[in-house]
Amino acid sequence: MDSPTQNTSLQRLQNVEKRIIRVLELAGGVMDELANPTGPRKEFINNHCREFMKMIKDIQVTLRDEIKSACEYRPFEKCDYSSRISNEICCKKLEYVLSQLDAMKQTIDEYQATI
Amino acid sequence: MEGNLEISLDKLPVKRLDAIEENGLERYPPESSYDEKRVSLIRRIDFAWAVEEDEEKERKKKQKKNSSKDASATWQWQSMVENLQLAHQELSVIIDLINTLEANDAVTVAGMTRPKPLPNELMSDLAVSAATKLQCYRHLGKYFKQSANALEQQIAREARFYGALIRLQQNWKVKRQRVAGPGPASSNEGFSIDLFDNSLYSSTPMSRPSSLSSIRVEHDSAGMLSINLPPNSCHSLHFGFLGVHSADIPKEFNKIRTHGSVGQHTRNTEKESMSDDEYVKETHLLLRDVHQSIFNDQVFDMLNCEAFNQSVGVNVTGMRENYLQLSIGQGTSLFISLVPSSEGDNQAVDTANTQNVDSAIVPLDSFDEVKFGERKHDTPTMKKKWGFPHRISCEIYLQQIVHEHAFLKAKDKPNLSGTPVSGQSGKDGPGLLGHFCLSLAHRIFSSRVLIELENVVCRVPYLHLMTHPTWHSRKSSWTIFMKVPQSILHAESQSPRSDFQNIKDVIKSQFHTKVVLSDDRINVEGEGAPNVVGLFKRSSEDICSVNKYDCDLADLPVILLQQVASQVIRWLHEEALMVGIKTNRYFLSLAFDLEQGESVSLVAHVDPEDIQGGISWWLVMEDGFAEDWKLQMEIYDGTPEYRKFLGHLNLDVLYSTMMDLVTLSDGGGNH
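For the protein sequence lines, the chains are A and B, in the order given.
Under the numbering used here, the first sequence has 47 at position 47, and the numbering climbs by one with no breaks.
Under the numbering used here, the second sequence has 96 at position 96, and the numbering climbs by one with no breaks.
Hints were generated in silico from the structure; no laboratory data involved.
Only true hints are included.
To spell it out: a stretch of chain A is covered by chain B in this simulated footprint if at least three of its residues, at any positions, have a beta carbon under 8 Å from a beta carbon of chain B; those stretches are:
no., segment
1, 80-86
2, 90-103
Computed cross-link-like contacts, PhoX-like style, restricted to lysine-lysine with a CA-CA straight-line distance of at most 20 Å:
no., chain 1, residue 1, chain 2, residue 2
3, B, K514, B, K475
4, B, K514, B, K483
5, A, K54, A, K18
6, A, K57, A, K68
7, A, K18, B, K142
8, A, K42, B, K133
9, B, K281, B, K173
10, B, K145, A, K18
11, B, K11, B, K37
12, B, K173, A, K78
13, B, K116, B, K37
14, B, K15, B, K37
15, A, K78, B, K175
16, B, K548, B, K475
17, B, K514, B, K548
Backbone N, C-alpha and C fix where the C-beta goes; we use that ideal spot for every residue, glycine too.
Isolated chain B, as found in the complex (with noise of 0.2 Å):
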């Protein structure tokens, strides 16, 4: 190399200041990192004689090509080219340097420091950072409203669900039971409605719990609780008398049942517009009749049971699925049956209906109708289908006697209805079918003793009937009475024998006869038929006898008749024993006796087939001159005996009678 050799001087290092200011602030230089430094450092090497030499040698070969070539044009990236190159060769020495430098050992490259960020670039990472954060509350913030909504949402379902569910739990029992399945944890809690009392039924036959006794309690679209039943799960028992059909009294039941019973179908269209109340209160009337249904099933189950134990009245007489058919006698069946009772009643009467034997349609009120029977008394066929209970009442008596025996055996209280333990069967007394059965019966055999009473005493004016109830169901009582008018009471008060009246017993103004039903056995009790004894003595002593006597449907209207009668008699007898006449009382007759060993009588005549009433009288004289008598006569075949047909009196015309025969006799006598 040629030339000279170039020195250049740093200058020292020391903080020379830049400039000053007017307030005394100092500028300095800014400072330059290692880097730049060295760049600086770099940069100072003068490569100047080489790109002096370099250009020497360029020129030349420019000459050369120049006057070789001076002709062609020259080449626009001509220039480009030689400042690459020059570029390149610079680049390739500074890199040599920098080889040298580091093959040197003696200088590493100690560390480069991040280069000081910009005050603007530290405020952009704040602001990022800060944004980031923002962003992070707004959506935790969005988080938390929702899960606020969907909280409520589900508590407002929830507090639906659960209100509904408390609300039933107030009256039937709610049972709960981890479910642990899969699917939506929410909408399977595992409520269920249990619907078997365990309290009640410890015998066996019936301490089966039926399938319906627990219900699952399920969630419906709207969160709701729902409670689904296979349709027609529901019986209801039903009664009937084979060959009477039921007229269609009970509409307002099927009314009822109806709404009770609420359809699948229209509690699934109707519970958008019911309110909750409405809604709770439909699951009410559905779980009632679940819960009725299950004792009907029990009902029937018992009855099955007690069917099969032959006990006293019980007679089978057919038995299908569901069905029971009983004879009670008198040519009287019934049947009992469970029919499914979901839509109304109505289908029940039809499939009654189906089972039934005769198709007569006979309209079914039995005691109302019987009391118009007055008019109706010469119909005697109708005798036969009038008189049966009425088809509810037998199905609620049912219910009602099978629910206190159940209850008696669980709480051991005191039988009130005289229905007997369903324990007892066989030999002891019927059992609960048993007596069932023969209640009927009598229910039956009661109205046809009814009417006969009533045909008796509405012939006869002054007789009354009274029913007495008995609370039993196999028993009833009727008394008949017979009630002396008060014209009479009042003329014999009027009488100056009235002291006398007063100190003794007061003749009595009313008899009564006493008819009592047991099961199908009549018994007649009844005052005034004359006392042997009485009449042996002859005292005027009252002994009230009593008589006591069984007799069957058939005599019944002649004995009754014939007690009216000797009760008259005796009545009368009193009376004229109060006036002071002697006289004689028999069976039916009472004989007043006249001067010259005459006697005149006066007879009863007792007769149920009479239609205008049941006692006539007549007057019958014995051994009297037929010449002396006053009186027309008949005379019969020529027998010692007059008789004189009276007619059917009441008693003023009877009494007046008597006190007419009583003047005569006395008028005849000493007395």
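Just chain A, same shape as in the assembly (with noise of 0.2 Å):
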């Protein structure tokens, strides 16, 4: 497993999809194999087998991990909305107050033009 990269669960849950593919993948390579007229190759069917093998493991662990981790949910304890209001207005006041210090400045700049 290559936990030490995968930092979030929904890193995780999208490398169980991935493998997911992957193992679908070898099933289509396996059959093809089998399908082959001059017959099948013995070890390559072996490898591809385990490492389907494997990767079902793998699967199963991390989702396995994943769902007992699971917290319970819990929506919208701490809504932040008003502060989110209160941060809007701040912005809309530096806004202002940079539009007059702009002002102010080309001011300055106009006066010392003219002298």
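Each chain sits in its own coordinate frame; assemble them with the hints.
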């Protein structure tokens, strides 16, 4: 398992999805190999099947971990919409002050230009 | 039948060796099956006699025919027909034999075995079944690979969707409802973003969620999430004073707003060129706009409710859909309206313009321009239009007090900015809207007061004006300082009497007058007027007397100048006491006693309309002998007083004048 590289559970679950795809590809490859008119190559099929089983096991382990560690879903305990509004008001204040300062600077520049 | 009965003998059913090879392999004749044995037995039935007879008959017939018909050509099919007839006869014999055998009931057909498949038939069967199995495997393999591809694509699509959704979920509430309707299941999973804040706004007027509170999250053609809003559904709060247009100062505002509220068409055409990050950011901005618009709607609703409550300071003069007009006194009217905020604020400004009655365009910088007003004091018509607070700052202030009020109700925090709770209305005091209107009225009035103060201060050179922040929206405060110039202080400190000064209280070198404006009441508080008790006692102890009185705007300059003049007099009085001369201090004059009952006084004349300076000084002499007077005088109307106009003196000159008078009185007196 490449757990040190996967930080969030979302990434782990995405990895599980990728493994499922890989498993399907392996199954397809095994079937194709079995359909080989010259006969299946044993090592090829062995390798694929081994990888298949390994991936299934990885998937199972990851899913079990994720399901166990999924926390209880508590919707919207702390809603921050009101502080968001006060932040928006502060943003507007800042914009206003900036515009005033820009106007002051412009006045200064004009004054210095006329000197 | 004639002839001999011929008898044929079967061979013994013993395996007879057919051949033997050199390596000892024995070859037996191939075993014949049951059917073949039957057929061979049937074959062995000799029909020769019948055939001979037939042949004889035929020969006879032929001879007859030939004798009869020698000339006719033989029919080319004749032999075939004869063969067929013979075969037919033989077959009928066989059939009769078989029927007889069958009718006998002693012999039945026991069964017939399938002929043993030849090896190549076996192999070909095997090959066909193997080929079909391989074909099935190939199908299966292709199916697995196809489903792997399809799953990969679907995962990629969903990863985009859910990745964007998770990023949005970090900031907004995402809800899900299972939608069991028809249609493709994958495209409608029932996600929606909830923008309603149910922790605030417990009061009924604002608990009604707007139609925008819940926004559906949909998939677009590429599988990415998309949010579709009807155009012009976002409202922004617009504030303005009637008759005053705002200049295009907030152009930066407009830029920011148009960047924020992305229109439908820009999103659709640029979606492919934007990366997912940018797209999520655009969606964020859109949600921010909607959230703000919901808040603006709530603010406006609340203002409407307040307007119905008839509280102090609220004077509704007009009401339309999304438009509220109020009058705040002194002939000023303001309006608050909700305008659709899509495509920037340019449209908002335009709609506001169409609603204004006055079309005069006045640039609306407020206090910065007023401070340049030293050159503009002589244009009284400008006084009315200056001094309006900036439109944007009023909008922000309105939003802030409404938000704080809602916040206060929810969290019971202490009231910091002095805004009253909306529940108190009517007799108790102004509600939110009333407070807002009163604050604006106060601001406008305070700018007028400031103009007056500046008029006073800039004419008198030794006065300084300082504005104090009061952190209350309906109070303003200024202080006028009269500062004694440093040169006099230094001169004093070098005089031999400085030792006394160190022991006694240091002479004040700074006198202040405080002007406080509450709503529209001016209160002037200053020191320096003579204390009545001190006048009677004529003591040198200075009881710091502070005057406090209300006045109105028209009288303010006079009162200030009087206050300042009395402060100057007081200072001179103290200086004289420092030197050791007793002087009498009156309201605006300082009298020195000379010998022989003469008195010379320095009188201040206060005139607010005086352009060169507010305070001018006169030297008045009383009860003196005119012929001993050495200074030139101007005699007025034969009064016993002699006055000399000294002009507008600054403190240095005043001080030296006073010192001259001191020496005059000193030289004359016994001190």
